[in-house]
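A.B. asks: With the hints as a guide, bring the two chains together.
These protein sequences, in sequence, are chains A and B.
In this text, residue positions in the first sequence follow UniProt numbering: the first is 1, and each later residue adds one.
In this text, residue positions in the second sequence follow UniProt numbering: the first is 1, and each later residue adds one.
Hints listed in this document are in silico derivations from the structure and should not be mistaken for laboratory results.
Since this is a predicted model, take the numbers as computed values, not measurements.
Even glycine gets a Cβ: it sits at the ideal position worked out from N, Cα and C.
From the derived model, a few chain A residues whose C-beta atoms are all more than 10 Å from chain B:
(1) Thr11
(2) Ser26
(3) Ser41
(4) Ile68
(5) His160
(6) Glu168
(7) Ser175
(8) Lys186
(9) Arg222
Going by beta-carbon spacing under 10 Å, a handful of chain A positions derived as facing chain B:
(10) Asp80
(11) Glu92
(12) Val107
(13) Arg155
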Amino acid sequence: MHTVLQVKDVTKIYKKGQKPSLHKVSFQVCEGEFIGIMGASGSGKTTLLNVLSTIDKPTGGDVYLNNINLKSLTDTQAADFRRDHLGFIFQEYFLLDSLTIRENISVPLTLKKLPPDQIETMVTDLAKRFGIASQLEKYPNELSGGQRQRVSAARAIVKHPGLLFADEPTGALDSSSATELLEALKEANSVLNTTILMVTHDPYAASFASRIFLFKDGCIFRELHREKADRRRFYEQIVDEVAELDMDR
Amino acid sequence: MNTFYMAAKNLKKKFSFYSLYLVSVAFVITVYFSFASFSSNAVILEKISEDGRVETMCRTIAVFLMIFVIFYMSYSNRFFLRRRTKELGIYTLLGYRKSTILSLLTFENIFVCGGAFIVGIILGGLVHKGLVCGINMLLDLSINSQAIPFWNWDAVRRTLLFISAVVIVLMISNGRFLYRTSLMSLVRYEKSTERKMKFHKVPSILGIFMVLGGYALALDIIRGEASVWVKIGFYQMGLLTMMLVVTGTVLFIASFLPYIMEKSKKRKASFYTKDKIITIPSFIYRIRSNAKTLIMLTLLSAAALTVSSVMALTLYYPIAAVQRIAPSEIEFRVEKEEQVDEVKQIVEKELPDTKGVSFTRTDLYKVCSSSKNLPPEYSLGAAQNDTAGGESLREPGFECMSFASYQALLNAQGRTNISSGLTALSDKECILIKYQAAQGDEHLDRVDSGRANRYSLMLDGTKVLVTVRETSLNNVISFANSIGTLVVSDQLYEQISSGTSPVTHVFSINGEAVINNEALYDKISVYLDASPYLQGNSHRINELLHLNSSTFLLIGFLVVLFFIAAGSILYFNNLSSVMDSRADYEILKKLGYRKKTIKRLIRKQILVFFSIPFLLGLLDCMFAALIYKTGLMQNILENSLLLYLPVFIAVGITAGIYLIYYLVTVRSCDKILFRADRV
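With the rest of the complex left out, here is chain B (with noise of 0.2 Å):
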């Protein structure tokens, strides 16, 4: 029988231990098809990369993807084939050449992989038209995905040429291994134990000492200005903790974990229990091999999650401080008296019913103030070098409006909580809106305080001495129409009005009906001459999302990869132990170990195995992103728990797909162990 019929025959023969090689390679060439067709979808490029930036990206997200499709599949190839050692070894003692069992083993992979391709193109054709379908969808391309082909040739070709690529060098790892074991060890490989190895103390102690310390130092970015990354430098810093955390991660799993348990041996009332006397050890017996293995997936765990988190928060906090960079619907500047009429005309023409639509015009007059405290809001834009011309954006100063106005503009905005939870101002007091959040003690300057900031107002010559009430993030006016914005009583305003301030007139367009309504946006737009003092919410939510959409989806194929990648990883170490230790459990069960317990057993070891590098990448990613969120973003809005939502949603997506291979995992361990037909 020649090479090719008995490779034809073994996968007969053994489909289900083979199905799991196909099964997992096919779901890596899926993701990786997908990626392909997507990369070279010249219709949807056009619609979404204006610069060149996405078909760059992909580039680089490619030459990623195949060094994880490779790794993996290396891994993977490594893991049957040491599950085939001793077959291999009985091969060699009937007298066939390793050059013939390194063709079976060849031919094998071309069969698995080609089944895998046929597999792979399919889903991926599936799911590359899903997506399409979905960006359309969601970023309103207007594309006729009638006209995307289910399969792009050129991706076909692309991945079908990669994919004999990863055969080659499959062959070629193969071969270096088949030619460097002896026959001797070829048919004691997989018996070969565990070398014996002993934890240290010092590199135990420091890597929990590192790892607390990267986590100390990232906490410390919350003190502001005071925190060793204001005083030293970020990037310094960053280095630094990312420095102590690996380190310490690795030292932590090769040695502190292992100690951890080796030392809680000697609490007898809890060691000498009939789960923990299998476990502790097992685990401890584990460790020295799989060390390395746990700690390239913690550490890609914590890449992995880093990156979507951020990814999650650089797309989910501009869309929410879009709240406060364009608070109402439509806005703009009235520069000519008659661009109010005009178009309200516009909206009535467009709008087929404009009941629920409110106008509100809003008088902001500029005063200027002789304080010394004055807040950063006062001066913002006003600096020459704020723009690339040289020119100032505007001239430092308060903006004042009313209170009524400020209350009528929040009620037209919806948020009729915070309007009806404001109390009004007494003749001498006032509201500042701040830009960003208060930072360091800035939140102090309130009445309540005892430390209320006050500001002298220069009205014509004379001097009104102002009480900040409160300083509010709920400005109802655009950044682009007013930064410094200051809610004076109806008192104070109507003292002011009637001076001789500078005064900026904002229309201000709210309601149901002109939400996401783009069109009539768009003619706006071009009546007012794409004027920058036009803001739209619903506008820069769309722009956002068309902007930052197809990074997050590239990046989502590297992380989804990844996320396939670390679960069969792990599957697979899993599976393998299990399969090694069979005997042992055939001996737990001899000495009355229940069957219930033994699965008990089992679930235990898998948990742990599946908990480190989740529960370890999870608190990387945390501090990853306190710091990228506290020192790299803008801080416009309130600090609260809810900024962290798409961290909790990305972690919250790993912690199911952990969740999922782990329940897969410990289904087929258990097979293996209780079902009589064994793989």
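So that you can see chain A by itself, here it is in the shape it has in the complex (with noise of 0.2 Å):
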């Protein structure tokens, strides 16, 4: 399996004489892995999902996604970088009120300039497959938040993105939406090989991943492997991890 992202010494300083926010952080992650980022609030998880995802940048350190090298982006090379690689979901959904779930999720392939035919088939296609298809025709605010955590997942999935970002997905949603949340992004990850990087402050959901990464004072404090094991003994791991980490504190 090839090496989709490349993290080498990568770190980040908001103001002079702070602590940084990522300290040298290195790591790699090859296609079809599904990686779960841990860490207490300020552990640094937010800050690399933004530098990783070329909407911040680094002070110092590489990151290459696909051997591009982020740092060499201009702004409009980013932008473009976004939309041909790149999908996200975010904790507070961020849908587009003023447009339809239908509209919401064409917005990517709209970006793609893809065929209107082809847009509609792949929306609604993967609107079945994320239990959203008879929501196709309402707006965000008719739709409960796991639905609406669903249709964020869907128009990140989509354009079928090398990277997935997801920052606290399952934040806002009731148990049974998280686990279908994490559901869908499991199949997508298994079944369209979607290279996902969850940020998580939940065990459960993490232990969804096949790795995970403890962050901790802006560095990798732990990376726990799923391997064989299935996800009731990880998420055990995980949570005994945790609970260490959170007695080091």
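C.D. replies: Laid out in structure tokens, this is it:
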């Protein structure tokens, strides 16, 4: 499997003299992996996600996405890069209120200038897979939180991004909605081979990942591999590690 | 910390946020104060108002101005309140009483209005001074500008009183809002989403048909006698047209535009593009809450554009018509032979150099005709009831002049291009000078149409048949001295002059040196004992400027104020919408929309909201101007697009104002989205 993402000594300092939010972070992600990023508030998870997704620029180090050094991208190139290679899911859904669900999911495809018929087919197919086919003509404020987050996931996945970033995607969901969303992400990961990087506080959500980075003070504190363990066992392992991390504070 | 200091601190901390409010209120106060100063300026009113007309107009306009200011300030106050509801909710959560919050808002308003008042009276004083100087120069009123104080204390007092009243109105309005809104609603007010609305086919279609129907009715007026405006009545049709256009506009904006947009979503090929998939739904979404504002702005825009265009027409048309009413620089009817020499002496005495001054004497012979198809000019002014006194203004008949005199006068008046284009008249041909521009099929009475009119002239009992080779609006004698002018061939003229037809002598003075020479005109007028037959081109223009410019100026105040209000409302509305959708643009950025594309999306959305009131208002104004011009104004000038020049100028200025506001709005919206230190 080829490497999709390569992070080399990435450092992010927001203000001179302050502790770095990220300190010499390095790791690699291969195609088709489902990565979980965990850590306490302020540990650098979201900063990492912003830097990796071209929204923010690192103070030092390099990030290679599909062998492209993100440092070398101009604002416009970064926008095109996001359009062509990245997908996003956020805790607050971030759907466009003025657009219907169908239109919301279609936006990334129109940006890629796909033909309208193909857009409609792709949106309808994915909506069926995410269980939101009957909601396509509705507006976001007519949907429940879980449904909205599935729309957000569908919008991120529909363009088959090389890398999908999810920032606390289950943070605002009840347990059954959260499970539905995570199942959908898992399916996209296994069926569509979408590489996923998910930031989460929740060990249950993290247990869906194949590998987990535990962050503390801007550094990777520990790396967990699921390997052949079942999800329950992996969950317990995560809980133990998180508890240990919390006790060390 | 008491509320007074809190308010002061708030203003200091969020100055950029409040500066918008301050600037717009200062703008409005500037206009109000300059108007108040103008209407309290006894020196200038004495000069431009002879019968109290201007004073009455000032009082009427003052009422409109006040309504505008109150409306505009309430709107901007509500805008800023809306942006701060969450903050007010937090104050309430912290235990502040609503009365304390109200006093905080009131102090803030007092500070802002106080600041705006100071700025307003300084700028307003300057504008007033500028206006007085402008009028003084334009109308040559010989007012000593130094004698007019920078600040008229009566106007300052009136403005202060009015602004205090506005602050009280705002306090009541804010109080109502605060006491009627629950704590929960306060905290969540900003996030309240738009209601979902369905746009129905029937009102949409009805809207477009009503607007088009109104415009079709307006166009019908150009059919002249055959139009419904003449057959049914001008006022009935005017009312019907206005009703159709107003109702149609309401339905057009509230139903038709969103309906069409909704339908356009079905055209997949054009909808699934990176711009339209965002702009069309966003327009439909915004129109739900903004339809009322847009309708109001469109109707006000139409009214202001129409008023300014009609005013411009009213001022411009009579000035353009002076060329026909008094074509010579000075012209009078010679009633005593010695008058010619006396007037010549006056001219020589008044002018240091009479080089280029021409004196032309024209003899007009009154000739009767026995034809049945006589033109209206033949008997115009000859009816007994044409004057208040019951006596007729003139005897019916043609006033004949020779082709040679006609050409000579054209040349003297500097209209050489017309003169050189004329071909000599054959023996029995003539040129009929029309009073009004051709209407209906009148333009057909020419030789080349094959339906040329022939008139039989009665010369000492002999009938002479003349053929109208052409009709013309290029009269060389004023209407005061000749209406039914017939330019005849020199041979026929000789025959007429040798007979016993009654003759009138008209003396015309032209040339560079006599243009705009009011002193000379006054001297001649005194000598001729203010004869009604004395006419002067420049004199008439000056008289019209003097009569109309004050009206124009006062209406101008209203129109300017309206455009400031409309532009600012559009500005705040768009700014508010961009602030509300800031998160949306962040999403678009993350989805891969380039900064350039997002800027373009914003420009397009703002442009739509600026275009609707401007374009619909413009259409309404064009049709209204057409109705006014055709139905209510005398038509003595040749119909040409040039006559609508003032309308084009008024529209051009409006477009300029809208464009400036549009650019400022786009710039502010870009700043909000792409600058780190956001409001």
